[in-house]
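Each chain, written out:
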Amino acid sequence: MTEERLLEINGLVLNFYTYEGIVQALDGVNLYIRDGETLGLVGETGCGKSVTSLSTLVLIPSPGKIEGGRILFNVQGKKVDLLKQSDEHLRTIRGKDISMVFQEPRVYLNPVYTVSSQISEVLVKHRKEEFLKKALESLKQERRKKGLKGSTFEMNLYERMLKNPNSLTNKILSKIPGSQRRFKLEVQREVVRILRGMGIPDPERVAKMYPHELSGGMAQRVVIAMALACNPKLLIADEPTTNLDVTVQAQILSLIKRLKSMFKSSVLYITHDLGVISEISDRVAVMYAGNVVELADVYELFKKPLHPYTRGLLESIPRPGKPLKSIPGTVPSLLNPPSGCRFHDRCSYAMEICRKVKPAFTEVEKDHFVACNLYGGSK
Amino acid sequence: MVRKLGLLTYVARRLILLIPVVLGVSMLIFAITMCFPPTIRALLYIRNPQALTPENIEGVIKKYHLNDPFYIQYFTWLAQVLQGNLGWSQTASAPVFSAILVRFPATFEIIVFAAPVIIILGLYLGIQSAVYKDKILDHITRSAAIIGWSLPSFWFGFILMAVFYGYLGWLPPGRLTREVQHFVDSSQLFTKYTGLYILDGILNGQLAVSWDAFKHVILPATVITVIDIALIIRVARSSMLEALSKGYIITAKAKGLTQKEVINKHARRNALIPVTTISGLLVASLMTGVVITETVFGFGGLGSWAAQSAQQLDVPSVLGFAMFTAIVFVIANLIVDVLYAFIDPRIRLA
Chain S
231 MTEERLLEIN GLVLNFYTYE GIVQALDGVN LYIRDGETLG LVGETGCGKS
281 VTSLSTLVLI PSPGKIEGGR ILFNVQGKKV DLLKQSDEHL RTIRGKDISM
331 VFQEPRVYLN PVYTVSSQIS EVLVKHRKEE FLKKALESLK QERRKKGLKG
381 STFEMNLYER MLKNPNSLTN KILSKIPGSQ RRFKLEVQRE VVRILRGMGI
431 PDPERVAKMY PHELSGGMAQ RVVIAMALAC NPKLLIADEP TTNLDVTVQA
481 QILSLIKRLK SMFKSSVLYI THDLGVISEI SDRVAVMYAG NVVELADVYE
531 LFKKPLHPYT RGLLESIPRP GKPLKSIPGT VPSLLNPPSG CRFHDRCSYA
581 MEICRKVKPA FTEVEKDHFV ACNLYGGSK
Chain Y
57 MVRKLGLLTY VARRLILLIP VVLGVSMLIF AITMCFPPTI RALLYIRNPQ
107 ALTPENIEGV IKKYHLNDPF YIQYFTWLAQ VLQGNLGWSQ TASAPVFSAI
157 LVRFPATFEI IVFAAPVIII LGLYLGIQSA VYKDKILDHI TRSAAIIGWS
207 LPSFWFGFIL MAVFYGYLGW LPPGRLTREV QHFVDSSQLF TKYTGLYILD
257 GILNGQLAVS WDAFKHVILP ATVITVIDIA LIIRVARSSM LEALSKGYII
307 TAKAKGLTQK EVINKHARRN ALIPVTTISG LLVASLMTGV VITETVFGFG
357 GLGSWAAQSA QQLDVPSVLG FAMFTAIVFV IANLIVDVLY AFIDPRIRLA
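Which chain is which? The protein sequence lines are S and Y, in order.
Taking my numbering as reference, the numbering of the first sequence is continuous, increasing by one, and the terminal residue is 609.
Taking my numbering as reference, the numbering of the second sequence is continuous, increasing by one, and the terminal residue is 406.
Everything labelled a hint here was simulated from the structure, so no lab data went into it.
Small disclaimer: the values here were computed from a predicted structure and weren't measured.
Possibly wrong hints are sitting among the right ones.
Partial list, derived from the structure: chain S residues whose beta carbon lies under 8 Å from chain Y [stated by the list, open to error]:
1. Arg324
2. Lys326
3. Phe332
4. Tyr338
5. Leu339
6. Asn340
7. Pro341
8. His356
9. Pro562
10. Asn566
All residues carry an ideal CB built from backbone N, CA and C; glycine is no exception.
Work the whole structure out from these sequences, hints included.
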């Protein structure tokens with residue numbers, strides 16, 4: 231298997247500077263995603279899953295600040311540190327190479343624009359050239375069929391736009407009503423095609439709808455359509471099925487699986503549901519209080535969990551006929567996190583050293599990483 | 057196609073709903089008149105003061121059924137109102153209806169200049185303030201808005217007048233210079249098409265009149281703008297901040313859109329809704345007179361007339377003004393509702 235890492239997060243530290251103090255939300259997060267695989271990121275609410283995913287797009291909600299670490303991403307064969315890129319460069323990556331699906335589809339769709347206008351926005355942003363060429367080609371063919379020579383204003387405009395995408399004259403000309411009719415038609419066609427690919431019945435009608443007219447599952451399909459419109463290399467799915475009915479959840483999961491194999495994208499799937507994780511991921515990263523505590527192959531992790539927190543998490547899955555177990559204590563406040571290993575005061579294996587030393591993230595077996603002092607990871 | 061039809065039915069429905077609202081308002085106003093004895097109520101029906109002498113007052117009371125049950129009186133009154141008869145205004149020495157017709161254009165002329173600036177500039181500043189929250193621009197805008205809002209209009213008006221009239225002599229008070237007023241009122245060459253002197257000046261080809269009227273409008277319009285813009289800035293800022301905190305903003309950023317596209321397309325349209333509401337109410341309340349500003353500048357608009365009538369217990373004038381105010385507010389609300397439907401597709405369904 232090729233060890234091509236698409237995304238690699240090393241020692242990511244992120245703090246929120248609030249009035250009550252500094253919230254140490256991410257305290258050295260490590261993980262990586264290989265080409266074409268699905269990495270499940272599990273953890274309790276507030277452990278930093280969503281912040282990790284937003285950091286990957288370098289969209290840090292204020293008052294957050296990244297204080298350390300690297301986010302390496304493979305752009306055209308070159309590894310670049312996303313944290314060091316200009317905003318301009320990042321905008322060419324967002325929505326094109328990395329895109330995101332969120333928990334509440336209807337909150338993440340703009341209520342005042344139609345489905346089609348929200349999807350075509352991404353297409354026009356990242357695939358403009360392709361549609362200009364298409365529109366030009368179809369206009370040319372049409373004229374050839376009619377036996378006409380020369381070119382129309384619309385065709386000239388497209389040619390100029392292709393040659394000179396940033397010219398101001400072209401921008402002004404393209405504002406003339408009707409001057410981009412064929413281009414818009416091509417984009418519209420693509421929107422419908424994408425929606426149909428999401429398993430949406432009657433995509434022409436859905437495209438004209440507003441978000442409030444869609445059901446939850448339908449809205450989530452639209453959000454996924456928007457995310458996949460430019461065939462991203464990495465899809466970040468932040469609890470996309472949490473608020474959906476179980477049957478719809480299953481549909482969305484199988485949709486993501488199918489699309490993943492179709493587009494050969496990698497997926498970072500964030501959830502607190504271990505059942506979903508076992509269903510969808512190739513590997514799993516377990517997060518606790520701002521740290522990734524364990525990273526392993528999904529079978530390996532379920533069979534041989536190493537970190538005491540992972541074990542606790544797996545034991546707290548309800549099973550019929552067995553008493554429900556839970557991890558004692560509560561998730562610590564990140565305003566004032568425990569010293570050393572952040573899990574030590576809830577851990578039944580805690581040793582003296584755990585109070586003082588933050589365990590390093592070490593590879594104890596091949597491709598099985600754990601951050602725990604039990605495994606000699608301390609340095 | 058379906059959407060456009062939806063919008064049309066929505067507007068039609070709002071228009072039909074107007075009728076019961078206006079009727080309700082008229083009933084309330086009529087109820088107030090019932091507090092007065094028939095001898096005073098008779099003032100509400102006459103078209104000139106000669107029509108009401110001690111000798112014929114009984115005749116008026118009889119003609120308009122002023123001793124009959126209230127429902128008969130109401131319909132008689134309503135019939136008169138619908139014919140444009142709102143009684144005699146002692147304050148204006150004219151029928152109430154024509155008093156309003158003469159004074160409303162004056163107020164309207166101020167609003168035509170003040171309102172667009174208040175709304176457009178206020179919206180712009182509010183949005184910029186939200187985008188640069190807690191930065192210097194935000195602090196400056198907010199402090200300036202608060203200072204403007206806290207300025208007493210009579211004080212601010214006097215200062216402006218002292219500088220621009222007393223000291224510089226540029227912008228005089230009143231509605232027109234005396235000679236121009238005389239020309240406008242008596243010349244055969246000047247027809248008052250609209251009562252808006254700036255517009256009438258253009259229509260009559262008398263640009264000097266327009267220019268004179270414009271000079272008189274600048275100061276009152278400035279006072280109103282500086283004071284009331286704060287309201288729009290604050291509403292625009294807070295609704296923009298709310299919009300910027302929404303999930304769809306993260307989606308828009310995650311699509312790779314620029315900051316400008318995110319703000320101008322995704323956030324602004326959502327922030328417009330509260331601003332529309334406040335703008336509608338603000339413009340309606342300005343239309344029905346800006347008492348202090350008009351008084352300071354000796355600008356004969358609706359507000360100063362209404363204040364005078366209230367002082368002199370001129371019942372028909374006050375009630376006519378109340379009726380007019382109600383209608384302006386109802387129309388303003390209608391316009392706001394229609395604008396809502398344009399801005400937010402969710403409202404068309406409601």
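Each hint tested on the structure:
Because the closest C-beta pair between arginine 324 of chain S and chain Y is about 4 Å apart, less than 8 Å, the hint holds. Because the beta carbon of lysine 326 of chain S sits about 6 Å from the nearest beta carbon in chain Y, less than 8 Å, this interface hint is met. Taken as an interface hint, phenylalanine 332 of chain S checks out: its beta carbon lies about 6 Å from the nearest beta carbon of chain Y, inside 8 Å. Because the closest C-beta pair between tyrosine 338 of chain S and chain Y is about 4 Å apart, less than 8 Å, the hint holds.
A distance limit of 8 Å between C-beta atoms decides the matter here; for leucine 339 of chain S the minimum to chain Y is near 6 Å, and the interface restraint holds. Taken as an interface hint, asparagine 340 of chain S checks out: its beta carbon lies about 4 Å from the nearest beta carbon of chain Y, inside 8 Å. For proline 341 of chain S, the interface hint holds, since its Cβ comes within 8 Å of a Cβ in chain Y; the closest pair sits about 6 Å apart. For histidine 356 of chain S, the suggested interface contact is upheld, since its CB lies about 6 Å from the closest CB of chain Y, less than 8 Å.
At its closest, the beta carbon of proline 562 of chain S sits 27 Å from a beta carbon of chain Y; the interface hint therefore is violated under the 8 Å criterion. Checking asparagine 566 of chain S against chain Y: minimum C-beta separation of about 26 Å lies over 8 Å; hint violated.
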